Each structure stands twice: as C-alpha cells, then as structure tokens.
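Single-letter residue listing:
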Amino acid sequence: MAENTLTQFRKELDSFFIIVSMNMAAGALAMALGLQYLVVRTLDLPIWQVSAPLRLLSAVFSLICIGLGLGWVLSSIRILRGVKSVRREIRHREGGPVPEELLTCWIVRTLSHYRENRARIRWMVPVSVIGGIAFLLLGISNLVQGVLGTGDPLRWFAFAAAGINITIGIASIACALYFHRYSASWDERIEAAARSEDALKCALERR
Amino acid sequence: MAGRRTSYEIYWEILVYCRTPRAFTAIINRCDLNSKTGQEYLQFLVTREYLAIADSGERTTYQSTPRAAEYIALFSSLYQKLFDSAPEFRL
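Residue numbers (this note's numbering), protein chains in the order written: chain A, 1 to 207; chain B, 1 to 91.
A few of these clues could be false.
Stated by the list, open to error - In the PhoX-like style, the derived pairs of lysine-lysine whose C-alpha atoms are separated by at most 20 angstroms in a straight line are: (1) K81/B x K11/A; (2) K84/A x K11/A; (3) K81/B x K201/A.
The set of hints was computed from the structure by calculation and includes no laboratory data. Being a predicted model, the structure only gives us computed values, none of them experimental.
Given these sequences and hints, build the entire structure.
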C-alpha cells in the first residue's frame, strides 16, 4: 500500500508543481504586460497626443495589471515554497526505500501546507480565469490587428503576438481548472483526516 | 514542521521524534511549538503513558513508550489511506 501511496503522492506533487510554475510564469507575464503598457501607452507618448483623462485611464489600467500580476506571482511563490521542499526530499530518496514514517511525515506536511494555503489556492482559480481571459482578449486583438494590417510588413509580429497571448490565455484557464481539481481532492482528504480523528482520539485516550 | 497542524498530527510528530530520548527544548524546536503549548502536549502524552520522563541529573528527557507505537502505526495507516479514497489529482 505504501508503495502505491508514494507513487500517487509523488505524481500529484509533480503535477501541482508544474501548474504552480506555469501559473507563476503567467503572472509574471501579466506584470510585464502592465509595465509595458504603462511605459508605451502612458509615459512614452508626447503630452499633446493624449488627453489627460485617457492618459490617467491607461495609467490606472496598467497599475491594476502590475498589481494583479505581482499578487499572482507572490501567491504562486508562497504556494510553491511548501511543495518544493517536500518534492526535493522525495527526489533525494528516489530509487531507494522510503520508510512508512517518512511518507506519513510528507503527507502531514503537505496537508498542513494545504490548510495554510487553502484560501490562496482557491483565490488562484478566479485570478487565473481573469488573467486567462485578458490574455485571450489581447490575443484576439493582436489577430484583428494582423488581419486588418494588410500591406504592413510588421503584421506578422501581430500574428506571433496573437499566438503567444492565446497560448498563455488557454494555459492560464487550464491552470484554474487544475487548481480547482487540486483543491477538491485535498479538501476531501482534509475531511477524511478530520473523520479519522475520532479513531485517533479513542486510541490516545485508551488506558 | 510548521504550518497548520491538528493536535493529533502534533502528538504523532512528538512521539516519532521522541523514539530516542529528547530534551524539552529540542522537542519544541523540532515540532515548532512555543514552550507553553509544548508543555501542554508533553503533559498530556506523559499522563497517558505515551511518553516517559527520564531524569539524568541536570537533564530531563522524554522518550516514547511502547504504547506510542500503536498510536504511530494507527496514525500512519489512517493518513496513508487518505490517498485511497480521495480522487487522484493529475495533469
């Protein structure tokens, strides 16, 4: 049983690690996009070309993007931190025997990490969806730009940007789905652990 | 091991760590407890005879009793079973 549990546990951690890393990359891109927008659309244009309210609106939009992206990245880092250390220990033990006690220790650590980050992981679901939709919209606008810009030698850049943004958008929405699944799976484990507390209480109080 | 743990997880951690005699400070450091709660947990385990106190002159140490093995085994089996019932998460 311990071998199956270990295999399943390891695969789950690996999958979660990939998702959080992807999510972190999407967050970093959102932040970079906000910065780029702030520089190009708000600060870089000559003052007489843009009206003050439009400039202000662009700046607010950029700052929201930067803030959201920063929060997105920082949350991903916090989530990743706990998983990374357990994953590293499992990798060190790969191929060799793993005592049942050590496996239980990893499970307890991952459970407590999930309890601590449950709200953050749940928050990642809407954030990833919103971020994903924003990237998709951006990709679509790049596509439109590419299609409408016939004769413009730079239009192929618009298609390339569309490809990148749409891919990130889809990946981000997929991340949200996987976060939801991870959350559902670990919520069930937390409930099962709470149910098993009766048996542990009986065992502890038996004299 | 930090993070949010249930009291049963903390009992398990203390009992596993105290398989070899350990001083109070070592236990609370390892199990990430403050001295007040650490004292409460140890007191509980001592009164239930899961931990034995050994006084060797100036040093007091705690060691798990044979009874603790039952709790440790039960805890391990229950926690490993968590992976049998819940839906598997995978990419």
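Verification of the hints:
Restraint check for K81/B and K11/A: the C-alpha separation of about 16 angstroms stays at or below 20 angstroms, so the hint holds. Of the pairs offered as hints, the one joining K84/A and K11/A holds, with about 13 angstroms between alpha carbons and a cut-off of 20 angstroms not exceeded. Restraint check for K81/B and K201/A: the C-alpha separation of about 17 angstroms stays at or below 20 angstroms, so the hint holds.
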